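Line order of the protein sequences matches chains A and B.
Residue numbering for the first sequence follows our numbering, starting at 1 and increasing by one per position.
Residue numbering for the second sequence follows our numbering, starting at 179 and increasing by one per position.
Worth flagging that the hints you see were computed from the coordinates, not collected in a lab.
Check before you lean on any hint, since a few could be wrong.
[As the list claims (entries may be wrong)] The calculated label-pair distances, taken between Cβ atoms and stated as ranges, are:
#	chain 1	residue 1	chain 2	residue 2	range
1	A	LEU85	B	VAL270	43 to 53 Å
2	A	ARG56	B	ALA271	37 to 47 Å
3	B	GLU183	A	ARG56	54 to 64 Å
4	A	THR160	B	ARG247	42 to 52 Å
5	B	ALA271	A	ASP19	35 to 45 Å
6	B	SER241	A	GLU11	56 to 66 Å
7	A	PRO154	B	ALA271	53 to 63 Å
8	A	LEU139	B	GLU183	30 to 40 Å
[What the hints assert, rightly or not] A few chain B residues that don't get close to chain A, going by computed Cβ distances all over 12 Å:
#	residue
9	TRP277
10	LEU279
11	VAL288
12	SER310
Since this is a predicted model, take the numbers as computed values, not measurements.
Ideal Cβ positions, reconstructed from N, Cα and C, are used throughout, including at glycine.
So you can see what is in the structure, the chains are spelled out below.
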Amino acid sequence: MDPATERALVERCRAGDDDAFRELVDLYKNLVFALIARTVQDRGRAEDLAQDVFLRVHKGLPYFRGEARLSTWIYRIVANVCVQLPTRPRAVSLDDDRTRVQPAATDRQFGDLELRDRLEKAIARLPANYRLLVAAHYLDGVQYEELADALQLPLGTLKTQLYRAKQQLRRLLETDLK
Amino acid sequence: MFCDEALDAVERIAAGDLIADGRIAEHLNTCPGCAAALESARRVERLLRQRAVPHVSPQFTTSTLGKVRRARWRSDQWLDAGFNLGIVAIVVAMASAVWMLFNRSGLAAVSNDAVGLFGSGLSTFASRVAPSLPLYGAAAAILATALGIWWWAEREA
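Next comes chain A alone, as it looks inside the complex (with noise of 0.2 Å):
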């Protein structure tokens, strides 16, 4: 979205048209819940969280000066969210499409199943900011500035946290299968 359009959502929005916060949500909605859902592994959950992104934006937009992307603005108050999750291994839901498991399921289906919940519970033993940056930097749509900026971090240093992060995790992953 251009910044102009991008601004005139932003006055219509402030100006108390719902129809305009409506049209805010649907743009972002999609990014903020992967965040979320990403970061937390529960459906639920994240659905309320995201909700709880979006009462927050709407409650902080007469104060959004525009010094930002509304884009950036909306990443930090989802870090922010994410950030105070606590970190502690989750069961992974069942209804959960990515371990649902097909009757006709073959052998290296299943194993590739088993991998990826090992991989969703070592993401969830992850402190909370290497959680946000492990879903983040896998999502299309957001940038590594961006998110930079969302987290008020040098370019260099998110970099450097992000080969962190999939360092522990690597760790948290051999352990996992000696």
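Here the structure of chain A is known, so what remains is to put chain B in place on it, guided by the hints.
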């Protein structure tokens, strides 16, 4: 010592951000531990890239807007309560000010006399009207009956 250096680089190599130079490549070819770490890092990278993108439910926007409306209503309620409390405080302050003004200026005594006069007038009026009350009651009952009959006749027509 070189293993530490190589292990630090495996994530960058696996992500494609770093090309293994001669020394690192040579070490990775000869050190089974570091080669296994690189293989493991590549597997993690592949799994992370293949990670499913969660999709939001179709009713997300509607329920979010509902939540926003409820939050706005709650904050409006607080605003209304604050406004009402403010009005009550102003009325109490004004009543206190009037009361103080009456006390200081001696008007309170005059107003007491006025209240007394009004009370005695009211009791005189009540004592004069009391003997005729059954008459007024009967007249009111006749009037009500007449109006009832008229209303009933009109409804039937």
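Results of checking the hints against the structure:
About 48 Å separates the C-beta atoms of LEU85/A and VAL270/B, a value consistent with the hinted range of 43 to 53 Å. Our hint of 37 to 47 Å for ARG56/A and ALA271/B holds, since their Cβ atoms are close to 38 Å apart. Between GLU183/B and ARG56/A the C-beta distance comes to about 44 Å, which lies outside the given range of 54 to 64 Å. Range check, THR160/A to ARG247/B: about 43 Å between beta-carbon atoms, so the 42 to 52 Å window is met.
Between ALA271/B and ASP19/A the CB atoms are about 44 Å apart, so this pair conforms to the stated range of 35 to 45 Å. Distance hint check for SER241/B and GLU11/A: the Cβ-Cβ separation is about 26 Å, which falls outside the suggested range of 56 to 66 Å. For PRO154/A and ALA271/B, the hinted distance range of 53 to 63 Å is satisfied, since their beta carbons lie about 57 Å from each other. Here the CB-CB span from LEU139/A to GLU183/B is close to 31 Å, well matched to the stated 30 to 40 Å.
With a least CB separation of 43 Å from chain A, TRP277/B remains clear of the 12 Å interface cut-off, as annotated. With a cut of 12 Å on Cβ distances, LEU279/B stays outside the contact zone with chain A, its closest approach being about 43 Å. Taking the minimum C-beta to C-beta distance to chain A, about 54 Å, the non-interface status of VAL288/B holds against the 12 Å cut. Annotated as non-interface, SER310/B keeps its C-beta farther than 12 Å from every C-beta of chain A; the closest such distance is 64 Å.
When held up to the earlier numbered hints, the structure conflicts with 3, 6 and fits the remainder.
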